[in-house]
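Visitor: Single-letter residue listing:
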Amino acid sequence: MAFLELKGLTKRFGEIAAVENFDLSVERGEFVSLLGPSGCGKTTTLQMIAGFETPSAGSITLEGRDLLAIKARSRGIGIVFQSYALFPHMTVAQNVEFGLEMRKIAAPERRQRVAEALALVHLEALADRYPRAMSGGQRQRVALARALVIRPEILLLDEPLSNLDAKLREEMQLELRGIQQRMGVTTILVTHDQTEAMALSDRVAVMHRGRLVQVARPLEAYEHPRSDFVSSFLGKTNRLEGKVVERAGERAGDLCRVAVGETVFAAPAPPPEIGKDARPRVIVSVRPEKVEFRAAGAGLVDGTVAARIFLGDHWLYQIETPLGVLLVTRQNVGPAEVETGGSVGLAWDAAQVRLLPFEETA
Amino acid sequence: MAPAAAVDREARRRAWWLCAPALALFLALMVVPLVMTFVLSFHSFGFYTGIEPTFGLHNYLDVLGDSYFHEIFARTFGIALVTTLLCAAIGTPEAYILYRMRSRWRSALLLVVIGPLLISVVVRTLGWAILMGNRGVINTALMNLELIDRPIKMMYTPGGIVIALVHVMVPFMVIAVWAALHRQDPATEQAAESLGAGPLTIFFRVVLPQAMPGVLSGSLIVFSLSASAFATPAILGGRRVKVVSTTVYDEFLNTLNWPLGAAIAILLLVAVLLVMVSYNRVVERRFSQVFG
Amino acid sequence: MTRNGPFALLFNALFVLFMAAPLVVVIGVSLTPEGFLEFPPSGISLRWFRAILDNPDFIEAGWTSLYLGVAAASLSTALAVPAALAIGRRRFPGRDLLLATFMSPLTVPTIVLGIAFLRFLSQIGLSGTFLGLTLCHAVIITPFILRLVLASVTGLDRTVEKAAESLGASDFTVFRRITLPMIMPGVVGGWVLAFITSFDELTVTVFIVNPSTTTLPVRLFNHITQTTDPLVASISTVVILFTVGLMFVIERLYGLDRLLVGGEAR
Ligand SMILES: Nc1ncnc2c1ncn2[C@@H]1O[C@H](COP(=O)(O)OP(=O)(O)OP(=O)(O)O)[C@@H](O)[C@H]1O
Ligand SMILES: [Mg+2]
Numbered sequence: 001m002a003f004l005e006l007k008g009l010t011k012r013f014g015e016i017a018a019v020e021n022f023d024l025s026v027e028r029g030e031f032v033s034l035l036g037p038s039g040c041g042k043t044t045t046l047q048m049i050a051g052f053e054t055p056s057a058g059s060i061t062l063e064g065r066d067l068l069a070i071k072a073r074s075r076g077i078g079i080v081f082q083s084y085a086l087f088p089h090m091t092v093a094q095n096v097e098f099g100l101e102m103r104k105i106a107a108p109e110r111r112q113r114v115a116e117a118l119a120l121v122h123l124e125a126l127a128d129r130y131p132r133a134m135s136g137g138q139r140q141r142v143a144l145a146r147a148l149v150i151r152p153e154i155l156l157l158d159e160p161l162s163n164l165d166a167k168l169r170e171e172m173q174l175e176l177r178g179i180q181q182r183m184g185v186t187t188i189l190v191t192h193d194q195t196e197a198m199a200l201s202d203r204v205a206v207m208h209r210g211r212l213v214q215v216a217r218p219l220e221a222y223e224h225p226r227s228d229f230v231s232s233f234l235g236k237t238n239r240l241e242g243k244v245v246e247r248a249g250e251r252a253g254d255l256c257r258v259a260v261g262e263t264v265f266a267a268p269a270p271p272p273e274i275g276k277d278a279r280p281r282v283i284v285s286v287r288p289e290k291v292e293f294r295a296a297g298a299g300l301v302d303g304t305v306a307a308r309i310f311l312g313d314h315w316l317y318q319i320e321t322p323l324g325v326l327l328v329t330r331q332n333v334g335p336a337e338v339e340t341g342g343s344v345g346l347a348w349d350a351a352q353v354r355l356l357p358f359e360e361t362a
Numbered sequence: 001m002a003p004a005a006a007v008d009r010e011a012r013r014r015a016w017w018l019c020a021p022a023l024a025l026f027l028a029l030m031v032v033p034l035v036m037t038f039v040l041s042f043h044s045f046g047f048y049t050g051i052e053p054t055f056g057l058h059n060y061l062d063v064l065g066d067s068y069f070h071e072i073f074a075r076t077f078g079i080a081l082v083t084t085l086l087c088a089a090i091g092t093p094e095a096y097i098l099y100r101m102r103s104r105w106r107s108a109l110l111l112v113v114i115g116p117l118l119i120s121v122v123v124r125t126l127g128w129a130i131l132m133g134n135r136g137v138i139n140t141a142l143m144n145l146e147l148i149d150r151p152i153k154m155m156y157t158p159g160g161i162v163i164a165l166v167h168v169m170v171p172f173m174v175i176a177v178w179a180a181l182h183r184q185d186p187a188t189e190q191a192a193e194s195l196g197a198g199p200l201t202i203f204f205r206v207v208l209p210q211a212m213p214g215v216l217s218g219s220l221i222v223f224s225l226s227a228s229a230f231a232t233p234a235i236l237g238g239r240r241v242k243v244v245s246t247t248v249y250d251e252f253l254n255t256l257n258w259p260l261g262a263a264i265a266i267l268l269l270v271a272v273l274l275v276m277v278s279y280n281r282v283v284e285r286r287f288s289q290v291f292g
Numbered sequence: 001m002t003r004n005g006p007f008a009l010l011f012n013a014l015f016v017l018f019m020a021a022p023l024v025v026v027i028g029v030s031l032t033p034e035g036f037l038e039f040p041p042s043g044i045s046l047r048w049f050r051a052i053l054d055n056p057d058f059i060e061a062g063w064t065s066l067y068l069g070v071a072a073a074s075l076s077t078a079l080a081v082p083a084a085l086a087i088g089r090r091r092f093p094g095r096d097l098l099l100a101t102f103m104s105p106l107t108v109p110t111i112v113l114g115i116a117f118l119r120f121l122s123q124i125g126l127s128g129t130f131l132g133l134t135l136c137h138a139v140i141i142t143p144f145i146l147r148l149v150l151a152s153v154t155g156l157d158r159t160v161e162k163a164a165e166s167l168g169a170s171d172f173t174v175f176r177r178i179t180l181p182m183i184m185p186g187v188v189g190g191w192v193l194a195f196i197t198s199f200d201e202l203t204v205t206v207f208i209v210n211p212s213t214t215t216l217p218v219r220l221f222n223h224i225t226q227t228t229d230p231l232v233a234s235i236s237t238v239v240i241l242f243t244v245g246l247m248f249v250i251e252r253l254y255g256l257d258r259l260l261v262g263g264e265a266r
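Residue numbers (the numbering used here), protein chains in the order written: chain A, 1 to 362; chain B, 1 to 292; chain C, 1 to 266.
Where hints are given, some of them may not hold.
[Claimed, not checked] Pair ranges (Cβ atoms, derived):
1) D66/B - G43/C: 48 to 58 Å
2) L273/B - K7/A: 51 to 61 Å
3) A20/B - M1/A: 30 to 40 Å
Read the hints as simulated data drawn from the structure, not as lab findings. Note that beta-carbon positions come from the ideal geometry of N, C-alpha and C, so glycine has one too.
Build out the structure end to end from the sequences listed, making use of the hints.
Guide: Laid out in structure tokens, this is it:
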């Protein structure tokens, strides 16, 4: 049995369902990210786990015990809020100590554990400061120390890094991951930043309009998205509307042929979600880094370079083709391969094409 | 586990419990006394019999049919109206000047300008009585300068009451406008300046329209407080310049005709409430599109 | 911030003069060595401040006002804080009505409240008692406290309380250790404002005191309507100094502008 189990979890606010029929199992020590666009119900899910929202239906169990029967204050869950929610009238040390006081832990042990927790987040020197006089990154660490010091069964993080600037965010990501692994604490992170989710977690759970649409390891979710939504939400992709024109044989690895407009190319056999129609409409997805340049006329499709954007470690090209504007990214390993205005051919390996069930709009 | 609806019901019940002590005080000491006063205003009064629990409109008819009371009500609302206009005329620019000041000066001046609000009205009115008497500070100074040869009569005149009331009430206007100014985007002034507007144009075309809700709400406060002010007209007007509140006071503590006093007070309450409600209506209609 | 022009500064100076004049005059007059009102005083003497000591009824009225202010402000605070917590952070049926009721002493003319309290207290036999005065003052000053506490309650970040709860704090602990300290500036500011309002109150009080419970403003008022002499000026000066002292305390603790403007502007 899984460590933490959410089953059929649903929360309605009046008519609208903020979370609907949400199933998720989390193993002990695992780091899972809830990922999705704004308003998709991530915070609501987290609040139900924490005990601040009462589900309209469904169950939450921790090692088989019913969590919903337990009040928020007795669940033993550590939370880091997006706003940090530090106690403004207490010093850093007092903030961290608070949870230990609530557990009636003796003063000497409290002091020791506070010191350990502050050392963990490198804030020993600021123990007597008030939160007002601290930077965003420092407050964030205090909030983390305060949640961790109680040795929580589960650590919940609601967009903990979104108030930090990009550089600090990256540093904190590494630190967060390191601390989580050292402590071995089961962690659920809420974020709408897909790179953050992929960088930190063992598995990502992608949510869309209150529903869970895919749970998978980051690489798996990126490489094998199960829907148009997941494919567009996780990273950039070239999304084309097409049609299967020639179905493949039954053996694994067999290729089929798809047509996008006039262009026809090979793709892996359509997954079962696409159905049994002879010539089903599909969404064709090709990641920009999987597209290669060829000489004009030598690829699957020809185009002209409309724009070329330098992004430091890589280049981003916009290529106008009969299929529409395609994005291509290239590692910055030397001078740019093609110039703006030039014509190029584009090609990709059939195995890198993804066919997804057709939806009107992503 | 408790279903969500039960949690809601529990929260609602708790909210009511938290308000219950205060509500009990208000029921016992606001609602009941006001109802009793309302009932009292229908009773009658005789010099030898005292208050008799009859039930009739005679007190109201007495007040509404007597030119003596008409004059008192007219004077009361006249004084309140002039006080309000003067407060708006001087309080609005003052609030703007304070708003534009450097913050160190501003705190000090704010203390001087709105601090008097906290000082007893009796004390402040005493100051005006000393200033405005026939041999008071102002008249003595003017006569010493030989600008006048007979003292200007200010005590026991509506004008004197207005001056002192403006002093008592203008901090409310400054506060209301001040709050409105702080809600506006300071960049609008800079935008106007970049477009070539001078300071007066900026004030009248950009600042004042945005501060208008503050001026209007301040006016309402000043008007209703002035219409029911007691200490200032009692000290500066005495028996000679009576207003509604001093009349009520006399009926209750000198003539002892409580039912008549109650009727006058109820009429004041109704008049003030009517002014407030209709004013709010008009203001809301005028401003709802802009400031919604 | 932009500078004010010379015209604006002149206007400001006149305004300040207007606001300060009656207070300066009262203080000036109180320093006279003569037996009548004169300004500017011909000399400086504390004669009329010594005279206060010979008027025990004024001193007694001063103590009554002080006790009354403390009692009424404390009672009103004890009632207003829980009400503000409920009104400030929950939507429930009847909420707006409750708020309107608690704020109504600001709308109903004080003279009307005065006679209503007189009628009520004399019917139940509490007229002229300290208890009656305390209850009536508590009603009048509740809106002032409620407004300030409401401002701090609505400004409160509720996730902070959730954080405390998730760390194992009970409802009462959350209130005592987290909520109350965070709204404390509003509570203290409200208490002081309410105290001053009660201490200065005349219009209602004049109806419900008797000679043994007369407050300082009522005593002063009765004296001034008979005669104005340097004695009332010296007593008024003491009142002014006392209030100014409180104002400095507020300015330190809470900010006078925040207190008077109602927590929103700064
Ligand atoms: N208390 C509430 N009452 C009514 N609707 C609510 C309430 N809380 C959340 N919602 C709605 O539920 C949906 C999900 O909200 P939630 O806060 O869980 O989103 P989220 O995924 O955390 O979004 P974000 O990334 O913006 O934080 C939203 O449409 C929101 O408007
Ligand atoms: Mg959220």
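Visitor: Decide, hint by hint, whether the structure agrees.
Guide: Here is what the structure says about each hint:
{"no.": "1", "hint": "D66/B - G43/C: 48 to 58 Å", "result": "holds (53 Å)"}
{"no.": "2", "hint": "L273/B - K7/A: 51 to 61 Å", "result": "holds (58 Å)"}
{"no.": "3", "hint": "A20/B - M1/A: 30 to 40 Å", "result": "violated (47 Å)"}
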